[in-house]
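Engineer: Turn these sequences into a full structure, and let the hints steer you where they fit.
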Amino acid sequence: MSDAPEPDRVIVSRREALEVGAGIAVAGLAVPAEAQAPAAPPARSIGPGTTLPLSTRINGRPVSIDIEARTSLLDLLRERLRLTGTKKGCDHGQCGACTVHVDGRRVASCLTLAAKAEGREVVTIEGISDGETLHPMQQAFIDQDALQCGYCTPGQIMAGIACVREGHAGSRAEIREFMGGNICRCGAYVGIVAAIEQAATQMRRS
Amino acid sequence: MRQLTYVRAETIDEAIAAHGRAGAQARYIAGGTTLYDLMKLGIEQPAHLIDIADIQGSERIDTNGDRLFFGAGARMADVAEDRVVRRDYPVLAESLAKAASQQLRNMASVGGNLLQRTRCPYFRNGAGGVYPCNKREPGTGCAAIGGLDRGQAVLGISESCTAVSPGDWPVALTALDAEILLSGPAGPRSVPVADFYLLPGGTPHLEFAIRPGEIVTGIAVPKTDAGRRSTYHKIRDRETYAFALASAAIALSMDGDRVRRAHVALGGVATRPWRARETEALLEGQRLTRERALAAGRAAFAGARPGTHNGFKVELGARTIADAVMIAAERNA
Ligand SMILES: Cc1cc2nc3c(=O)[nH]c(=O)nc-3n(C[C@H](O)[C@H](O)[C@H](O)COP(=O)(O)OP(=O)(O)OC[C@H]3O[C@@H](n4cnc5c(N)ncnc54)[C@H](O)[C@@H]3O)c2cc1C
Ligand code: SF4
Ligand code: FES
Ligand code: FES
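Here the protein sequences come in this chain order: Y and B. The UniProt record's numbering numbers the first residue of the first sequence as 1 and each following residue consecutively. The UniProt record's numbering numbers the first residue of the second sequence as 1 and each following residue consecutively.
Don't read these hints as lab results, they were simulated from the structure. These numbers come from a predicted model, not from an experiment. Just so you know, even glycine gets a beta-carbon here, dropped at the ideal spot from N, CA and C. Heads up, a few of these hints could be off.
Claimed, not checked - A short, non-exhaustive set of chain B residues, derived as facing chain Y with CB atoms under 8 Å:
#1 Gln3
#2 Leu4
#3 Tyr36
#4 Ala53
#5 Gln103
#6 Met107
#7 Tyr241
#8 Glu284
Structural biologist: In structure tokens, the structure reads:
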């Protein structure tokens with residue numbers, strides 16, 4: 001990461017960001033007045049340009065920011081918006097650490113052009129808890145000891161939530177198949193499958 | 001990565017016009033799971049991206065006509081989960097469900113899937129790397145020949161290139177005689193999938209029978225009762241989320257317990273989606289036994305030319321066909 005100041009950067013420490021929960025890092029920066037309108041306009045047309053004015057919603061908040069056309073959604077989240085919960089493992093679609101939801105579907109943010117977020121709804125790991133109350137999937141990962149180093153965990157949790165919502169958490173075998181895109185180098189797989197089973201029961205109830 | 005422009009197209013005509021204006025350095029981008037990946041490796045270096053993922057109606061799936069129709073923009077995940085496709089053409093659904101991961105299947109289009117590039121590690125080593133590659137830089141040589149060739153093709157290879165055609169969906173489409181529907185500056189046309197993929201020969205950098213500026217608009221698959229007795233069987237180094245070492249797309253029409261018509265295509269072992277006519281001929285008119293299926297599978301590899309580390313693909317490929325034939329035969333039509 002360079003030390004050069006970025007005009008639109010607001011430093012939020014990792015701890016602060018974690019404590020205040022969803023959205024604050026986004027809300028604090030680069031959101032010009034017109035974006036404070038209740039909903040981001042469904043501005044579907046974008047470009048042409050080497051830099052682009054992007055309007056999107058991230059974790060429920062409107063975000064307007066100028067981006068490089070070549071930048072990835074992952075780099076936009078981490079490097080510009082300081083939403084560093086989403087991790088970069090491989091940067092080539094091979095590990096799942098960068099999983100986020102776009103319009104409710106899980107995608108690899110490293111292979112998603114940031115420009116594709118125009119007019120869409122992006123949800124990251126920072127956006128899933130309800131204030132102090134953890135998402136059932138987060139709680140299940142704690143209960144089931146579904147991590148060691150934790151690097152793959154945000155991606156696992158985002159993929160796990162989608163896996164349940166898609167209806168692909170019907171059995172352990174199905175969970176393993178549909179979570180195949182998330183690699184855990186610590187090998188916490190047994191706990192991960194158990195956590196998704198636990199959360200699936202709770203998510204179906206609520 | 002070089003600087004580039006991006007624009008989102010809303011209609012096919014708009015996309016073709018934008019491509020024409022932008023010239024030779026332009027590329028369409030759908031999911032980006034091949035293109036953006038290769039841009040990060042410096043292998044693709046477009047100056048202009050025309051995003052076609054949001055073209056209105058491009059994601060249409062229509063199973064009601066006399067042919068199945070898949071809009072080029074349909075996501076792999078959506079075709080894999082389509083109820084009719086799963087029930088009547090499991091070979092198509094399975095070829096998609098067993099590819100990549102759910103994240104990637106949510107992004108990737110079935111049109112872009114046709115045009116994915118090889119996973120040959122020497123190719124992917126990237127521009128400016130130490131390994132020559134005729135596909136990346138024509139005329140420089142092929143590092144895979146005589147190199148670490150465990151993953152390379154044994155069928156359809158040339159002195160210039162042994163790279164495997166990586167896709168699963170194109171293999172299933174090949175078995176079912178699909179047509180690729182295209183549109184371009186000179187208007188629409190269609191190409192049988194059998195003619196869409198080029199053998200490497202002396203020009204491995206030429207891979208697809210698509211013309212500059214042309215866009216894949218859809219894929220049409222003739223309906224067949226063989227669809228119900230079909231499967232896509234994929235053997236990999238790990239159980240999921242890996243490219244095929246060997247795969248077989250099989251669809252069978254039966255007369256009682258005899259095979260009337262067999263559709264057989266192979267993946268993971270050849271430089272293009274590989275139709276196995278020899279296997280089909282040996283199965284047709286026969287009662288199925290495991291021995292017959294294996295003999296028919298072996299026939300597909302009569303012309304195989306393994307390198308140093310990939311000889312196992314010959315027997316693996318034959319057994320993959322045999323297993324797949326028996327799986328397909330057990331499905332209720
Ligand atoms: C980690 C990983 C694992 C994978 N595993 C598998 C696997 O097991 N099996 C498998 O089959 N695939 C696999 N894939 C490949 C994946 O399926 C393809 O990358 C994907 O299908 C490409 O579709 P896309 O929409 O993302 O194409 P893009 O990357 O957007 O485009 C690919 C190419 O096609 C062109 N293009 C796209 N759409 C059109 C169109 N409509 N008309 C004309 N040109 C077009 C683009 O210009 C580009 O050259 C894997 C990919 C990754 C990254
Ligand atoms: S096999 Fe083909 S793609 Fe691989 S290094 Fe040789 S020329 Fe390049
Ligand atoms: S960082 Fe995106 S899949 Fe690995
Ligand atoms: S917990 Fe360490 S990589 Fe998964």
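Engineer: Each hint needs a verdict: does it hold in this structure or not?
Structural biologist: These are the hints, each one checked on the structure:
no.: 1; hint: Gln3; verdict: holds, 5 Å
no.: 2; hint: Leu4; verdict: holds, 5 Å
no.: 3; hint: Tyr36; verdict: holds, 5 Å
no.: 4; hint: Ala53; verdict: holds, 7 Å
no.: 5; hint: Gln103; verdict: holds, 5 Å
no.: 6; hint: Met107; verdict: holds, 5 Å
no.: 7; hint: Tyr241; verdict: holds, 4 Å
no.: 8; hint: Glu284; verdict: violated, 34 Å
The structure fails hint 8 only (numbered hints given earlier).
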